[in-house]
Every structure is written in C-alpha cells, then in structure tokens.
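Student: Chain residues, written in single-letter form:
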Amino acid sequence: MKPRGILWLSLALNVALAAAIFLSAQKTPAPHQAATASQPVINTSPQPGLATNNPAPAGLPFLWSQIASEDLNTYRDNLLAIGCPKITMREIIRAVINERFGLRRRGILASFQERYWDLVLHRELARRQWLPRTEWGQALESLKAERLQLITDVLGREALITEAERRARRAELEQQRSWLSPEKRGQLIELEAQHQQQLVDWAETLGSRLNGMPTQEDEDRLLKWQQAFDEAEKKLLTPDELAELQLRESDVADWAGNLPGFNPTEDEWRSLTGLRSQYEEAQRQLANPDLTDEERTARQNEVQANFDNAVKEALSPDQFAQYQLANNDQYQALHNVTQRYGLPDSAATESLGVQQTAQAQAAQVRADASLSPEARQAALNAIQQETEQAMSQILGPKVLSTYKEYGGDWVTGLSQTD
Amino acid sequence: MKPPSLLAISLAGNLVLAAVWVVVRQGATARTDAPASAMSPPATLQAANSSPAATETPGTVTPWRLIESADYRQYIANLRAVGCPDWLIRDIIIAAIDDSYQQKNKSDPGSFAPWLGVDQRRQMSRSQSAQRFALRQEKRALVKSLLGYEWDSLANDVWNLDLLTSLTLGFLPDDKVSTVLFLRDKYNEAAQAIREDANYILLDEDRAHLQKLYEEFGAENSRALSPSELDELQLRAQQGFLLANDINFDGVTISREELRELVRLSKSYKEMAREEFVPDRTLSEAEQSRQKVDFEAQVKTLLGPGRFADYQRAQDFNFRETLAFTRQNQLSQAAAISVYESCRNVNEQAAEIQKDGNLSSEERAAALAVLKAATMNTISSALGNHYHNYLNGPGRWLDALTQQPEPPPQNGTQ
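Protein chains in written order, with the numbering used here: chain A, -19 to 398; chain B, 2 to 415.
Errors might be hidden in some of the hints.
[Stated by the list, open to error] The calculated DSSO-like cross-link candidates involving lysine-lysine, where the alpha carbons are at most 27 Å apart (straight line), are:
id: 1; chain 1: B; residue 1: Lys177; chain 2: A; residue 2: Lys124
id: 2; chain 1: B; residue 1: Lys268; chain 2: A; residue 2: Lys378
id: 3; chain 1: A; residue 1: Lys204; chain 2: A; residue 2: Lys164
id: 4; chain 1: B; residue 1: Lys301; chain 2: B; residue 2: Lys268
id: 5; chain 1: B; residue 1: Lys140; chain 2: A; residue 2: Lys66
id: 6; chain 1: B; residue 1: Lys187; chain 2: B; residue 2: Lys145
id: 7; chain 1: B; residue 1: Lys187; chain 2: A; residue 2: Lys66
id: 8; chain 1: B; residue 1: Lys213; chain 2: A; residue 2: Lys384
id: 9; chain 1: B; residue 1: Lys105; chain 2: A; residue 2: Lys164
id: 10; chain 1: B; residue 1: Lys293; chain 2: A; residue 2: Lys384
id: 11; chain 1: B; residue 1: Lys177; chain 2: B; residue 2: Lys213
id: 12; chain 1: B; residue 1: Lys271; chain 2: A; residue 2: Lys384
[What the hints assert, rightly or not] Computed Cβ-Cβ distance ranges for the label pairs, DEER-style:
id: 13; chain 1: B; residue 1: Ser154; chain 2: A; residue 2: Ser45; range: 22 to 28 Å
id: 14; chain 1: A; residue 1: Ile141; chain 2: B; residue 2: Asp87; range: 40 to 46 Å
id: 15; chain 1: B; residue 1: Arg74; chain 2: A; residue 2: Trp182; range: 56 to 62 Å
id: 16; chain 1: B; residue 1: Arg265; chain 2: A; residue 2: Arg264; range: 52 to 58 Å
id: 17; chain 1: A; residue 1: Gln336; chain 2: B; residue 2: Thr283; range: 39 to 45 Å
id: 18; chain 1: A; residue 1: Arg137; chain 2: B; residue 2: Arg265; range: 43 to 49 Å
id: 19; chain 1: B; residue 1: Lys293; chain 2: A; residue 2: Ala340; range: 35 to 41 Å
id: 20; chain 1: A; residue 1: Ala340; chain 2: B; residue 2: Val371; range: 50 to 56 Å
id: 21; chain 1: A; residue 1: Glu282; chain 2: B; residue 2: Asp158; range: 49 to 55 Å
id: 22; chain 1: B; residue 1: Leu284; chain 2: A; residue 2: Glu163; range: 57 to 63 Å
id: 23; chain 1: A; residue 1: Trp182; chain 2: B; residue 2: Thr283; range: 31 to 37 Å
id: 24; chain 1: B; residue 1: Phe134; chain 2: A; residue 2: Glu79; range: 28 to 34 Å
id: 25; chain 1: B; residue 1: Tyr201; chain 2: A; residue 2: Arg149; range: 25 to 31 Å
id: 26; chain 1: B; residue 1: Tyr201; chain 2: A; residue 2: Asp210; range: 39 to 45 Å
Quick caveat, the hints were computed from the structure, so don't treat them as lab data. Where a beta carbon is used, it is the ideal one built from N, C-alpha and C, also for glycine.
Looking at chain A on its own, in the form it has when it is part of the complex (with noise of 0.2 Å):
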C-alpha cells in the first residue's frame, strides 16, 4: 500500500477509535448511590437459575414474587437457585412457615381468649406439666408439632434450631475444650455432635413404638455406637489429653464452684478431683447388696475417713481450715453477707464461732430437765440477747439485720424452747 494510502487508513482509525471512546464512555452506568441507604443498590445482572415467565423490571435483579411459592419445596430451591446462602434460606424458610402456622395458632389462641377466667377459676392453668393435656394445650400442641414436622421435612432436621443457637452451643463447647488444640476441639465437637444425633434417633425409634422399649437389637447397636464413639475418641486425643478431658468434665469436676470462700490453685482441684472421684467411686461400691448394713456403715465410716484424711494431706494446713469452712452450710451464709458489705473473711469465722457456742449452749439449756420452763425461757432469752450483742460487735447492727434476713434467723430463734 502507498505511503498516502496508508495515512488515510489511520486517520480513518483515530476517527473510529475516538468515536469508540465516546460512546464507551456515554454508555457507562452512573456510580451506584450507595452512600444514601434508603435508596435500594441494585443493577440489572442475569438472573441465574431463576425459572419465570414473569421477569423483573428493569434495575432489579428479581422480584420476590418470582421466588416465594405455596410449595415450600419450591421456594426453597428458588432461593438457592439466585445465590441465597443456605443459613440465610433457612431462616427465611422458617419464617415463612411460623407466619402461615402463627394465623392458626391466633385462630385456636382467640377461640379460648372467651374461656380465659373459666380456666383460672379451673385452676387450669396451675401446673404447667398439665397444660399439654388441656384441649387449648393439645390444639396447640398439635400445631406445633405439625410446624416442626413441615420444617424438617423441607429444610431437614438441623434446621430445627436456629444459626444463632446452634453457634451459642458450639462456643460454649469451644470455650469449655480451649484448652485443646483448636483442630483437635473442632472435630471432638464434630465427633460429639455426631453421637449425640445417633443418640437422638435412637431415642426418636423407641419413642415411634407403641411400648417405646428397646429391644435387644436396639440395645446392641446403643453399645456399638457408644464403642465406635469411644474408640474415634481415643483414636482423635493422646492418653494425656482424654484423661484431661474425663478429669475436666467428669460429675465431680466442679465441686469448687460450690464452696464460697475457698478458692484453690489447680494444682489443687486437680489433686482434690482425683480424691473426690475415688471417693464417688467408693459410694458406688456401698451399694452392693451383699453388704450387711452393720459392714456397710462401717466401710461408709472408713471411706469418708480416708477421703477427709486424703485431703488434709493434699492441702496446706490454712487451705485446709478454709476448705472445712467453705464446706459448712453456715459459714456459707456467713460468708455470703459479710462478702457483699466487703467485710473480711475473718468477720464470718469469727461469727461462726459465735453461732456454734451459742447454739451448743441453747442445746444444752433445752436439754437440761432440771430447769423449769420459765427458767429454761430466761436462760434461752440471755443467750439470745449475748448472742445478739456479740454478733452486731462483730458485723455491725446494719450488716447483721440482713444476715438475719438472709440465713441468719438462727439467732432469733434462739430463744424459742423447742
């Protein structure tokens, strides 16, 4: 091509190109307003999946006409179909199926709005147990059960429960095993989960029987989850890590939370845990049959010396005298008053000693036949009054109006005869 020829066609080029770039540029959507959020942001993508003849208007990506249906089944699969994450389809799910059940329920509720003050006059609303069995209870329950079965059907059993719940549960597990690794915490949930399922369908069959009892089959295949459970257990932790866990979890592990004014190291609930298992277990052996009860109360006696004698041992001599008194009822409510005026513990040992003199004395003013009654009377009003005063020099008047309000009455009571 000659040299003018191919100028032509170049310019011819830059004409085109620049037309292009105009038109690229008219053609280019104005930026989407999504600052100002009361304005819907939506534009006009394809519509994947979405199976209509009644397409969405222009600048909307569908129209929930489109995908909500009678056919809950239906709506489902459209929701999935334009992307809707599952947690999110479930949930509308849900609520599409407690909005449909929610008029009946306001239908059967308003048929026994007229009946109210005849139930209360009834006591039918007393025991809640009972309530089931009421005919406004069974209507009801009987809706409810039929919700639950539409939402397993369409969305499946997991569904039952919601996103939400499902995580609380699973961060209070994760919070109690934090001491595992969080691989290792994740699939013993997993693998917990798992069982638990097995162990509600089992339940799930009995219960569909007539006579709800499990026949040897049943209890078989019980057994055999329970070992498949304990082997993968034992297959997914170190020996280490499965005794930490029985340790941690077992029926005794959380006597510390029960004994206020003792607060010991781990060191020591660790050393006091493995002596109160031994100890459960020693309570579980009593209940032999063959024991007479002469050899039981002994072997009873025995136990709880040993236990009481593992623990002294375990402790330091203050750690000790602190856990006896954590352990006594009285020092408990003691302690509970004087704890929320900031008073020290020694405030409460030291009422506690108060409490055991004066109450071993009106034992003893009772018990004395000698006395007349109203001699026994004047002597019980005199250990009342000393124990009065003693007491309000120890906690002060303000701190020991409340203990007698809150375990306290003891001291009130100690002049009454009987």
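Based on the hints, put chain B in the right spot on chain A.
Tutor: Then chain B, alone, in the frame of chain A:
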C-alpha cells in the same frame, strides 16, 4: 507536513486512542460487574457463608448478592425494592442481627476454668453479665432504629412456644404481644442484673432501685397499651395470686367479672408482678394472718355472706375431695355439703370426747363408736348407693374416728 510525518503522528494517535478506549471499556465493565461496597454480603453472614450457595460459582455475582448488604438499612431497602413482604424483611434482618450479636458475644465464655472458686466465678460472671447486658441493649436499640419498633426473637419464641404465655397474652394483637414481651424481657434483665450484682442479698438501695425499675416498666406498658388492655394484662399477671395462696372456688358460684374483681382486690394484699421485681421481705406469721383477714373481709363484701361461706368451704381440702366424689357420681352439690358439714361436726365432737378427762378409755371408745354410727347414717342418707364407695375413698377418715389418741409426751424430754 509531509505525509510520512503525518502518518507517524496518526499512528501514534491510534496507539494512544486504542489505549484510552481499552481503559474506558475496562472501567465501564468494572463498574458494571463489581458490586458496590454496600452490596457485599453482611459481615455477619460472611463468616457463616464460607461455602457459597450451590448456584454460585467463583467470579459470578448471584442475584442474591446484589440485594444483600452489610449495611442493614441498605439490605432492608433492597429487600423492599424486590417486593419482599415487611414481616419477612423483619425476620431476615433480625436473624442477621442475632447472628452478628451472637458472634460479638463470643468473648463471653459462659464457662469457667474448673478450679476457679465461687468468689472468682462471681466476679467474672458479673463482668460478663454487664457486657452481655450492654450488648443486648445495643442490639435492641439497633433493631428499633431499623424497624421502627421493638422486636426480640427470643421473646417471639416464648410467645410462639410457651403455652401459658400464649394463652395469657392471646387477647392482645400480635404487635402488642411483641411489645409487652419485649418490655418484660428488657426490665426483667435489668432487674436480674441488679440481683446478680447484689449476689441475691438485697439491701435497701437495691430494693429502691428495683422498685424504680418496676415503676418504669409499668409506665412503658401504660404507653404501649390501651387502658382496657393494660387492665386485663395486669389482672392476668395477678391471677397467679390464687395459685400462690391456694385459693379454690370449688362449689362457689362466681361470675367472670367477680373473679376478675377478686383478683384485682388481691393486689393490695400482694402484687404478683411487683413481687417478681422486688421480692417482699418475709412477713411474720402475725402480719401474714392480719393481711389474710383483711383480704377475706374484702372478699366477703364482694361475694356477700352466703357465697363467702361457700368460698371458705372451698378452701378446705376435705370439702373439695367430697365435692369431686359427688360430681364423679352425679350427685348433687347439696349432698357434698351435707357430708362435709357432718364431717366437720363429727370431728369437733370427737375432739371434745378425746379431750374429756372425765371419761375412761372404755367410755371414750363407746362415745366415739356411737358418734361414728350416727355419722355413717347421715352420710349414707346423703350419698345413697354410693355410700360404700365413699367409705373406701374420701370417707377413710371415719376409720380413724374410733381410734384412741396417742398418749401425750412426757415433760422435759423434747
């Protein structure tokens, strides 16, 4: 300019224009495909949504993503724009908010290291409760600002699942039920925080604080409900008084209006809703008796002397048992009253005979036997054919009538 120079300039211009065109096109495509920041899924759902929905493939933007937004207001506006019904928008938004706050609450362990003592646990628990309480308040404020009204999914669950709550609040329209439950939860939570903080040992200042809360609760309820709704709600909250004090109406003719009035009267004796907020100090037995007498005097005025006698009779278990027996056997209420009165009289006479120190054991036994025979006659004529069933059921007390009392305990051995 010579053609070669012009050509060079034109070719350079082509390159520049081509580059500009590419940039402009890319910009246009980017603005069309990339979602605006407000369209990214809500932060609260992002974590949950680690695996995309079934139909979503990497690089594509699904229609749902175009309406979902981390900005709840935007999310609501988008849902509204596509025609989602308001009640469903509410539930979608509430679920997202619940989930978000559940995650915020993760810092709240809810369980303690097992070696922590009760004092340390209490201290930690208080700070966790305070944090939880603050979060709940924040969430409530957010919901109200978004929806324009108060709504709590927990309260809604209670309304939907708890039978007693359903029946008790069933006279209110749905939106007012939500408000009432919301207020109840809000104030109960605040009251619980005070009680927990006090370790359930309430001092005067705690009671004053709780009383103030209760008054605010009442004021908010008054604003939310019409006077008649409020009155009915308060009466229904108060009806628990009947159960708490074991008040029965078996055999008493009482209209619904009278029952409501009686429940209203009981408020001056003990206000049940207030009691939940501010537990009363335990009254002495004398104070309790005095209050009971006052209340019964008011009941007597309400029912009149005749029906008040019925009311008093209905409080006796023996009468209720006898009445149930006569009803089961299609006998009249008059028969139950007759049997019951006989029972009362005979017991009084038997007590006199037992107390009579002038009687020997044999004389006492003979007198009781005569009394028993006479009573059996009276009961037999009242119950007819059902007499024997009565003796084997509620009438077993007659067997004890002829038994001699236990010897009195010796002095000074208690």
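Student: Indicate, hint by hint, whether the structure satisfies it.
Tutor: Evaluated hints:
Proposed proximity of B/Lys177 and A/Lys124 is supported: the alpha carbons are some 22 Å apart, at most 27 Å. Between B/Lys268 and A/Lys378 the CA atoms are separated by roughly 31 Å; this puts the pair beyond 27 Å, and the hint is violated. Among the hinted pairs, A/Lys204 with A/Lys164 is consistent with the structure: their alpha-carbon atoms are about 23 Å apart, no more than 27 Å. About 16 Å separates the Cα atoms of B/Lys301 and B/Lys268, which keeps this hinted pair within 27 Å; it holds.
Between B/Lys140 and A/Lys66, the direct Cα distance comes to roughly 24 Å. Compliance with the 27 Å bound is thereby established for this hinted pair. Between the alpha carbons of B/Lys187 and B/Lys145 the distance comes to roughly 13 Å, so the proposed pair stays at or under 27 Å and holds. Of the pairs offered as hints, the one joining B/Lys187 and A/Lys66 is violated, with about 32 Å between alpha carbons and a cut-off of 27 Å exceeded. Taking the CA atoms of B/Lys213 and A/Lys384, the gap is about 25 Å. The hint holds against a cut of 27 Å.
With a C-alpha separation of about 24 Å, the suggested pair B/Lys105 and A/Lys164 falls inside the 27 Å cut-off, and the hint holds. Among the hinted pairs, B/Lys293 with A/Lys384 is consistent with the structure: their alpha-carbon atoms are about 25 Å apart, no more than 27 Å. Restraint check for B/Lys177 and B/Lys213: satisfied, since their Cα atoms lie roughly 23 Å apart, inside the 27 Å limit. Our distance criterion of 27 Å between C-alpha atoms is met by B/Lys271 and A/Lys384, whose separation comes to about 23 Å.
For B/Ser154 and A/Ser45, the Cβ-Cβ distance of about 26 Å falls inside the hinted range of 22 to 28 Å, so the restraint holds. Between A/Ile141 and B/Asp87 the CB atoms are about 26 Å apart, so this pair departs from the stated range of 40 to 46 Å. At about 48 Å, the CB distance of B/Arg74 to A/Trp182 disagrees with the hint of 56 to 62 Å. Between B/Arg265 and A/Arg264 the Cβ separation comes to about 56 Å, which falls inside the hinted range of 52 to 58 Å.
The hinted window of 39 to 45 Å between A/Gln336 and B/Thr283 is violated, with their beta carbons roughly 25 Å apart. Remark: the range hint 43 to 49 Å for A/Arg137 to B/Arg265 is upheld by a beta-carbon distance near 47 Å. A hinted range of 35 to 41 Å holds for the C-beta pair B/Lys293 and A/Ala340, which are about 38 Å apart. The hinted range of 50 to 56 Å is satisfied by A/Ala340 and B/Val371, whose Cβ atoms lie roughly 53 Å apart.
For A/Glu282 and B/Asp158, the Cβ-Cβ distance of about 52 Å falls inside the hinted range of 49 to 55 Å, so the restraint holds. Our hint of 57 to 63 Å for B/Leu284 and A/Glu163 holds, since their Cβ atoms are close to 59 Å apart. Between A/Trp182 and B/Thr283 the CB atoms are about 48 Å apart, so this pair departs from the stated range of 31 to 37 Å. Separation of B/Phe134 from A/Glu79 is about 31 Å and conforms to the stated range, judged on CB atoms against 28 to 34 Å.
Between B/Tyr201 and A/Arg149 the Cβ separation comes to about 27 Å, which falls inside the hinted range of 25 to 31 Å. At about 41 Å, the CB distance of B/Tyr201 to A/Asp210 agrees with the hint of 39 to 45 Å.
Checked against the numbered hints above, the structure violates hints 2, 7, 14, 15, 17, 23; every other hint is satisfied.
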